[in-house]
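Peer 1: First to last, the sequence lines map onto chains B and H. Start counting the first sequence at 1; every next residue gets the next number (the numbering used here). Start counting the second sequence at 1; every next residue gets the next number (the numbering used here).
The hints are simulated quantities; they were obtained by calculation from the structure and are not laboratory data.
Cβ-Cβ distance ranges computed for the label pairs, FRET-style:
#, chain 1, residue 1, chain 2, residue 2, range
1, B, K62, H, Q49, 44 to 54 Å
2, B, P25, H, H74, 41 to 51 Å
3, B, S142, H, E420, 28 to 38 Å
Everything numeric in this text was worked out from a predicted model, so none of it was measured. Note that the Cβ used here is the ideal one computed from N, Cα and C, for glycine as well.
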Amino acid sequence: MIVTETTSYQEQFERFEQELGADKPQWLRDLQRRGLARFRELGFPTTKLEDWRFTNVASLAKQDFIAPLTPRVPGQVHDAGELAAQALLDDSFHRLVFINGRFAAEFSRIGELPEGVQVNHLEQVLRTQADQIGEQLGQQASLENASLTALNTAMFQDGAVISVAAGVQLETPIHLVFITERDEQAVASFPRSLIKLGKGSNVQVLETHVGSPGATYFTNSVLEIELDDEAELDHYKLQSDSIAAHHIAATHVHQRGQSIYRNHYFAFGGALSRNEIACTLDGEQVQTILNGLYMISGDQLADCRTRIEHAKPNCESHEMYKGILDNHARGVFNGRIHVHPDAQKTDAKQSNQAILLSDDAVIDTKPELEIYADDVRCTHGATVGELDDTALFYLRSRGIPEPLAHKMLIFAFANDVVQGAKIEPLKKYLEAVLLADHGLPQV
Amino acid sequence: MSSETALLEEYSKREYKHGFVTDIEADALPPGLNEEVVRTISAKKNEPQWLLDWRLKAFRHWQTLQEPTWPHVHYPPIDYQSMIYYSAPKQKPLLESLDQVDPKLLETYEKLGIPIEEQKALAGVAVDAVFDSVSIATTYKKTLEDAGVIFCPFSEAVQRYPELVQKYLGSVVPAADNFFAALNSAVFSDGSFCYIPEGVRCPLELSTYFRINAQNTGQFERTLIVAEKGAYVSYLEGCTAPKRDENQLHAAVVELVAMDDAQIKYSTVQNWYPGDEDGKGGIYNFVTKRGACRGVNSKISWTQVETGSAITWKYPSVILQGDNSVGEFYSVAVTANRQQADTGTKMIHLGKNTKSTIISKGISAGFGQNSYRGLVKIQKNATNARNFSQCDSLLIGDKCGAHTFPYIEVRNTTSQVEHEASTSKVGEDQIYYCRQRGIPTEDAVNMIVNGFCKEVYQELPMEFAVEARKLLSISLEGSVG
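All chains, please: the whole structure from these sequences, using the hints.
Peer 2: Below you can see the structure in the form of C-alpha cells.
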C-alpha cells in the first residue's frame, strides 16, 4: 500500500530528473536520490508511529499533489498578486517571494544589502555557487526516520538562501513569502531554505505562508539554520495557509556557543499543519526561545512539535506555546527536551496551555523531558481548560457583556505570545487578526 | 564534588538485604510454553472448562502479539520458551493452623522481617502469604468471614465462587489487553481474590506478601478485588525476592472493581531483587494494574513505593466511569545501580465530575534510569473533570537519568487538566546547610529524600509507611561521603 502512495512522487521525481537533472551537480543528484530512496522505504507516516500518533496524514497520502516542473511565467499568475500584497507587512523589508515553490522575481525585492549579506534563492545559488552550498545542504535535516524530510530532499527545486558574514547587524528584517496559488491540479511545493549566520551577526527573518482561499495544496518545507558563536536570529513564522491546505514544515537549528535563537510561530491556517522545530544547542551559554500560538477552528488540525537537544553545559531554553481551539479543531503539542550527559547547569522551561472553546475540540499534548545530567533545572507544565470563571465574572460585574468578556480573555491569553514579536508591523498585524477573529473593536 | 562522588559510589554499591534462596522441593513443569502447558496448569488447578477456554483464548492471542518496545528501558530479548511456567511447593496435606506450615517457609518470612504470628498478634493484619505461586497460609479468615468478606487464594476462589470470578475476571484488564497481560491470562498460577459485599467496611487491612523463589520461574500472579456498593477495603501488597543471577520475569495482573460509593485503596511496596551493581540478574517486573470506578462516587487509590526490580514496567490505572468518581496515584520510584523503571499511570475520565490526582516522585542514582509515563484522558462526556499531575525527579550522581513522558488528551471544554514536572538534584548547599547544623551527611541525604517523598508516604497505611522509610534508608545506607 505504501508503494502506491509513494509512486506518484516517484514518477514526478523521474520527470524532474529527466528534464532538469543534467543541470545539477552530481552531489545534488545523489542527495536527492538518497532522499527518494529513504522516502520510498519509509512511506508516509502512520498513526502507529509514536511521533505521528495524533496526526493522521492518510488524506495527504491518498491525494495526488503535483509539483510544477517549471516556474510560473511572469504576468500569468492568478491571485498571487493579491496574496503577495496581503502578506506584505512593510515595503522596506528585504523580500523573497515564492509562488508554488518557485522564486517569483516580479514580486520580490531584495533591496540594498550591507556587505557580507547574501539573500538569494536556492535555484540561483545552485547555478552559481553550487559547491559552497553543498556543504550546508542536508547537514542539519537528517533523513533518519523522517520520511517527509526525505520527500522534501528528493523533490526540492527552490527556496531561500540567507548567509550573513561575521559581525554584521542587519536592521531591516528579511521577509520570505511562500505563496501557493490554485492550479488545475492540487499543487505540491517543496521549498528548501538555508540560513547561515556568522559569528556575532544579528538578523530578523520573517517567514509567511499564504495560499489561494479554499485551495487544496501540499507544502512540505524544510529549513536548515546554522548559528555561529554569538550569532542572534529572530525567526518569525506566520502560517496563514488556505483552510484546505496541508502544511508540513521542519526547521532544524544548529547553535554554537552564546548564540541566541528565538522562534515565534503563529498558526492560523491549514486543514492539517505540522510544524517541527529541532534545535541542537552545541555550545555553551546558548539561548533558545520557542514561542507559539495556534488558533484554529472548523475541522483544522495543528500539530506543533519542538525538540531541544541540550548537548553542552550552561545553556538555557524557554518554550511557551498557547492554543485556542474552537469547533471540531484538534490541537497537538509535543515538546521534547533532551539533556545530554554532559549538559550540566542546563536550565530548561517548557509550558503549553490550551483553551477549548467547544465541546468538540480536542487537544493532545505530550511534554517530554529526557534528562541524563544531574545538575539541571528542568520544568514543564501543561494546562488545558476553559476560560477562567472568576475572570469572566469580574468583567461581567463591571458591566461588560459576556460575549465581549469572552473575547477579551481570549485576546489576553494569546497576547503573551504576540507581544514577543519585536517587528512592529507584525505585531500590529497579529493583534488585528486576534481582534478581527473575535470581533473586538479595534484598539 | 568529591563527597558527591563518594556518596554516589557508596549508594551504587549497596547490597540487596533480602538475598537468600530457601531450599524447598518444588513441583515444577519443564521449561517452555505451548498449549499443553496451559492445559496442564489448568488441570493441576482442577479448573472449570470456561476458565481453561479463557486461558487458551488468551494464549492464542498472545501468540499474535509482539513484545512492546516503546518503554524507555533496555534489556536482552526474553526467551519465553526457556522459562518454567508453573512451580508450586510440594503439596502437603491441608493445613489447619500455622504450626503445620513448613518451618522453612516460616523461617523465610522471618528473615524478611515479617513473622506471620507477630503480624497476627500485633498489627491486626490478615496475611495471605503467597510463596511461589501457591498460597500457603491464610490468617484471620474467621474475622473476615464474619464480616462477609471473601479473601482467599485465587485458585480457591475459582472452586468456591466460580460465578463471582467468572463475572469479574478480565472485566477490567481483558485477556487480550497487552502482551504481558495476555501472557499472564494464559498461564497465571495463583493470586488473591477479594470480594467486599455491599455496605461492608473491611475490618482489616488486607495484605499479601509475594515472594519469588524457585530459580527460573516466572511469576504470574492474578489479583482481583471487587468492592460492592458502599464497601471499603485497603489492600497492601509487599514484595521481596531472594538473590539470584538469572533474570526473572514477573508479569502480574491486578484488577480492581469499585461499585457505587465504594472505595479501594491499594498500596504496594516493591523490593524485588534489582540485580547486582553491574546490572546482572534482577527481576523484570512487567505488571498490568488497572482499576475501574464503575459506580457513582466510587474511589480507587494506588500508592506505590518501588525500590526493587532490575526493570519495572508498570502503569497502575483508573478508569473513571461513574459520575463523581475519584482516581489517585501516589508513587515513589527509586532506580539505583543499573535499574531501569518506566512507570506511571493512566487516568481515563469518562463520567461527569470525575477527579484524578497524580503525584509521582522519581529518584535516580548510580546508572539508574527512571521514566514517568502517564496518560490523562478526558473523554467527551466527562463534564467538569479535573486532573492535577505532578511528577518530580531527584537525581543523585551524574550518570543517572530522569525522564517524563506525560500524555494529555482532552476532549471536553469544561475540564481542567494541569501537569507539572520538575527535575532537581540533592544540592550540595542543602547538605552543607545540614552539616553545619551537626547533621551527618547520611542523615542529611535521608532527610532530603524523605522530604522529597513526603507527599506519597502520607498516603501509605501506617505499617507500610514505616517499611517504606526503612527501605529507602537502607537504599541510602552508607552514602556518607
